[in-house]
Amino acid sequence: MSLSLQLDASGDLKHFLTVEGLPYEMLVSILDTAESMTGVTVRSIKKVPLLRGKTIANLFFEPSTRTRTTFELAAKRLSADVLNIALDSAATLKGESLLDTLRNLEAMYVDMFVVRHSHSGTAHFIAQHVAPHIRVVNAGDGRHAHPTQALLDVFTIRRHKPDFGSLCVAIVGDILHSRVARSQIHALNILLTGEVRVIAPRTLLPVDVESFGVRVFYDLEDGLRDVDVVIMLRLQHERMQSGHLPSEYEYYHHYGLTRDRLQIAKPDALVMHPGPINRGVEMSSSVADSPQSVILEQVSHGIAIRMAVMSMALARTPTTP
Amino acid sequence: MSLSLQLDASGDLKHFLTVEGLPYEMLVSILDTAESMTGVTVRSIKKVPLLRGKTIANLFFEPSTRTRTTFELAAKRLSADVLNIALDSAATLKGESLLDTLRNLEAMYVDMFVVRHSHSGTAHFIAQHVAPHIRVVNAGDGRHAHPTQALLDVFTIRRHKPDFGSLCVAIVGDILHSRVARSQIHALNILLTGEVRVIAPRTLLPVDVESFGVRVFYDLEDGLRDVDVVIMLRLQHERMQSGHLPSEYEYYHHYGLTRDRLQIAKPDALVMHPGPINRGVEMSSSVADSPQSVILEQVSHGIAIRMAVMSMALARTPTTP
Amino acid sequence: MSLSLQLDASGDLKHFLTVEGLPYEMLVSILDTAESMTGVTVRSIKKVPLLRGKTIANLFFEPSTRTRTTFELAAKRLSADVLNIALDSAATLKGESLLDTLRNLEAMYVDMFVVRHSHSGTAHFIAQHVAPHIRVVNAGDGRHAHPTQALLDVFTIRRHKPDFGSLCVAIVGDILHSRVARSQIHALNILLTGEVRVIAPRTLLPVDVESFGVRVFYDLEDGLRDVDVVIMLRLQHERMQSGHLPSEYEYYHHYGLTRDRLQIAKPDALVMHPGPINRGVEMSSSVADSPQSVILEQVSHGIAIRMAVMSMALARTPTTP
Chain A
1 MSLSLQLDAS GDLKHFLTVE GLPYEMLVSI LDTAESMTGV TVRSIKKVPL LRGKTIANLF
61 FEPSTRTRTT FELAAKRLSA DVLNIALDSA ATLKGESLLD TLRNLEAMYV DMFVVRHSHS
121 GTAHFIAQHV APHIRVVNAG DGRHAHPTQA LLDVFTIRRH KPDFGSLCVA IVGDILHSRV
181 ARSQIHALNI LLTGEVRVIA PRTLLPVDVE SFGVRVFYDL EDGLRDVDVV IMLRLQHERM
241 QSGHLPSEYE YYHHYGLTRD RLQIAKPDAL VMHPGPINRG VEMSSSVADS PQSVILEQVS
301 HGIAIRMAVM SMALARTPTT P
Chain B
1 MSLSLQLDAS GDLKHFLTVE GLPYEMLVSI LDTAESMTGV TVRSIKKVPL LRGKTIANLF
61 FEPSTRTRTT FELAAKRLSA DVLNIALDSA ATLKGESLLD TLRNLEAMYV DMFVVRHSHS
121 GTAHFIAQHV APHIRVVNAG DGRHAHPTQA LLDVFTIRRH KPDFGSLCVA IVGDILHSRV
181 ARSQIHALNI LLTGEVRVIA PRTLLPVDVE SFGVRVFYDL EDGLRDVDVV IMLRLQHERM
241 QSGHLPSEYE YYHHYGLTRD RLQIAKPDAL VMHPGPINRG VEMSSSVADS PQSVILEQVS
301 HGIAIRMAVM SMALARTPTT P
Chain C
1 MSLSLQLDAS GDLKHFLTVE GLPYEMLVSI LDTAESMTGV TVRSIKKVPL LRGKTIANLF
61 FEPSTRTRTT FELAAKRLSA DVLNIALDSA ATLKGESLLD TLRNLEAMYV DMFVVRHSHS
121 GTAHFIAQHV APHIRVVNAG DGRHAHPTQA LLDVFTIRRH KPDFGSLCVA IVGDILHSRV
181 ARSQIHALNI LLTGEVRVIA PRTLLPVDVE SFGVRVFYDL EDGLRDVDVV IMLRLQHERM
241 QSGHLPSEYE YYHHYGLTRD RLQIAKPDAL VMHPGPINRG VEMSSSVADS PQSVILEQVS
301 HGIAIRMAVM SMALARTPTT P
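As they're listed, the protein sequences go chains A, B and C. Residue numbering for the first sequence follows my numbering, beginning at 1 and increasing consecutively. Residue numbering for the second sequence follows my numbering, beginning at 1 and increasing consecutively. Residue numbering for the third sequence follows my numbering, beginning at 1 and increasing consecutively.
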């Protein structure tokens, strides 16, 4: 299972694949480490020698300049050497040839794989098959998980509203297809968040959504009442074409966050979004740029969280055999 | 205006966007700093720790391996971390989405943007909108300016013929479409060059060219008489297709620099070109490779000028807020 | 000739272009240096400052992520700055424009070119034309040579079976088109290997193959008898289409290394392959993953050999003029 795969015998972080099942103490320990990393990123010399001489390979089977860039920056600020390897997911999904690629990179003494793949479970699969001294970080796999995104989100919330037990957090949008939402819900539940809501049309909700430990709302205005944090999900254009949604205009009409609707939430409610925003689809520009928006803080914290996860996972690696 | 945008309250370099309006002292100060940087590039260890821990993002909206490479090398030799970001100019020109991209990179604690764009004014636009601690360097925008190229050109001239007041410099070729020529003319005028000439067919001259403070020649041989420096511009193949020019052969016949024609200039006249040369179009191979050619020196000095501009602009940055 | 091109007046390594004609002492010296480099790659901090401040440009005129990656990692572990330059072989093969590209990179104070090209002799041509302080390493040129591959192969053999005089080594597959095989044969002969065999169908053997100093077998089972090392070459898919071979299935049937056939060789025979393996074409998966296979060791040793060659070639470079 994930848990034993992620932690080693002494309970330290080995791989970082999913938020699901992560012990409360480990999750808080990552957030605390990220807190110290934010200190590095605002110094004049934004670099620490923690991972000097380590090699981190970004294995991106699906393109994502944005996520790759944050991992690359995080690695460089830890003084690691970074190798960007773009892989064709079709060519390497035939298990055996993917394994051959991994074996070769291992043989080049790569210390960590940061994996992005359109198929759920790829990072797990890789973690199960790498040599014992190699570390794996999941940078998003299919609909399954995007754990560093979820951690930067709860890190951002904690900096503003640290008492999770008293918070009501609403996640709005395409829950059905979102690895981000899945990871966020796990993280918020582990932190014993007072209430976690999901707000979406029925067509964008998984059938078993209630079992996630969330309260479901189909109406945005109902769902926003008294919330402390509103997390808007990015709407993928593909969903419109596949018939899950009528049009961007319709979506915005029913689920777009406007200034007026935001006033239904608590007066100091935070507005969050994993980016990049579709302005006028998920929210109005006035909301995106309002003082309540912490969307750019999320980007900054993404560097700190990735530095934390990378340095913790590589802290105790044995020297290669 | 550009001036207040480029210099801070104490007159130090903040952004480097254009040569136009640059105070004489600042231009000389950049050349002097570049002089000390040439010392770094010939040492056995070609690296100084001036920008260690700084992150420089190359934002190239139009491809240019050559210019990007020189900026990348300059940044690495200053010990900065470099991020190469290829951007689709079509997708990001809708102001808002360009700004969102910038805000995101700012949030990742990037310290400097090196910007290349096919639209005039993009680097200015970015400099006007970035956070106060971010620095912007223009690596070429539309027909407007290519200021580091112009500075490496006058730097190269100064190393051979430092008394600008007594010099006659001729710029030959497609003045109309050349951001390089515009920036060169500004730099030469700021340095109080004795005479600046432009030599070109009428179809390749702007209508208001006389207002640039240059003497205009339509005939190459007339224009070359007694010049100390001949700067040949690169001929873009697109010009031929657009009807501005009959053919490469015709162009070379009238405006190509040959051994014979070069003899009309002063005996020790320098031959310059921003590269890459079209041999047999702008000049003959014998001229390109002659002892009077300082074309490869220009390339070397390009590294020194970029190191100077980057280190000066980032010398006094406040720590990020 | 190659020899005088590769070694300087005092017999030190200048360029590394081919194994052919390399003195025994130099070959052993590279292997010994690589031995010390393997120590670096297994340390916790896999980095030595040997090439700090040096700039190494990977000039890849034909794409090869795998080889480029190993050179890039080797350079970074020596603390060099790396520049990856993808070049279009068509555009730059007109001698003059290739030279202009080289002159420009020289002017940027690049210290070493690592060259990969589909035309035999390109690395030699470049070495003949670069400035005296520049070093060139051949990363594969046409059908001619792939010298770092051959050296990592004999390095891998030496670690297991150091007494070359008593060894029988068989190279199996497409000898005709293989730069790897050519370089391996030279290296094995310089090390005075007891017997070098080539095993291939007539259509995949050069007409003058006997002159290489090898014993020729057309039948795999005959050729495998009593060998200490079996080197399987990669089969290029293009060969099938060009009519050199009937089909992959046919090839495997006659020349594929299976468990049964491997038993014809000595019981402790090593199985080698330059990678990436076509499982079920050159060999069965059971052979590729068997304890006799040292294929992944070859990959690791590739880093050490490249670190050795790069550091030796750049050890004594004069400072740029």
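Simulated from the structure, these hints should not be mistaken for laboratory data. Mixed in with the good hints there might be a few duds.
[Claimed, not checked] 20 angstroms max Cα-Cα, derived SDA-like pairs, lysine to any residue:
| hint | chain 1 | residue 1 | chain 2 | residue 2 |
| --- | --- | --- | --- | --- |
| 1 | B | 161 | B | 294 |
| 2 | C | 47 | A | 79 |
| 3 | B | 47 | C | 79 |
| 4 | A | 76 | B | 281 |
| 5 | B | 47 | C | 316 |
[Claimed, not checked] Beyond 10 angstroms from chain B on every Cβ pair, some chain A residues (computed):
| hint | residue |
| --- | --- |
| 6 | 44 |
| 7 | 72 |
| 8 | 164 |
| 9 | 300 |
[Said to hold, decoys possible] If you want a taste of the chain C side facing chain B, the calculated C-beta under 10 angstroms gives, among others:
| hint | residue |
| --- | --- |
| 10 | 57 |
| 11 | 106 |
| 12 | 108 |
Here a beta-carbon is modelled for each residue, glycine too, at the ideal position from N, C-alpha and C.
Going through the numbered hints above, which ones does this structure break? Give me the numbers in ascending order. Hint check: 4, 6, 7, 9 fail, others pass.
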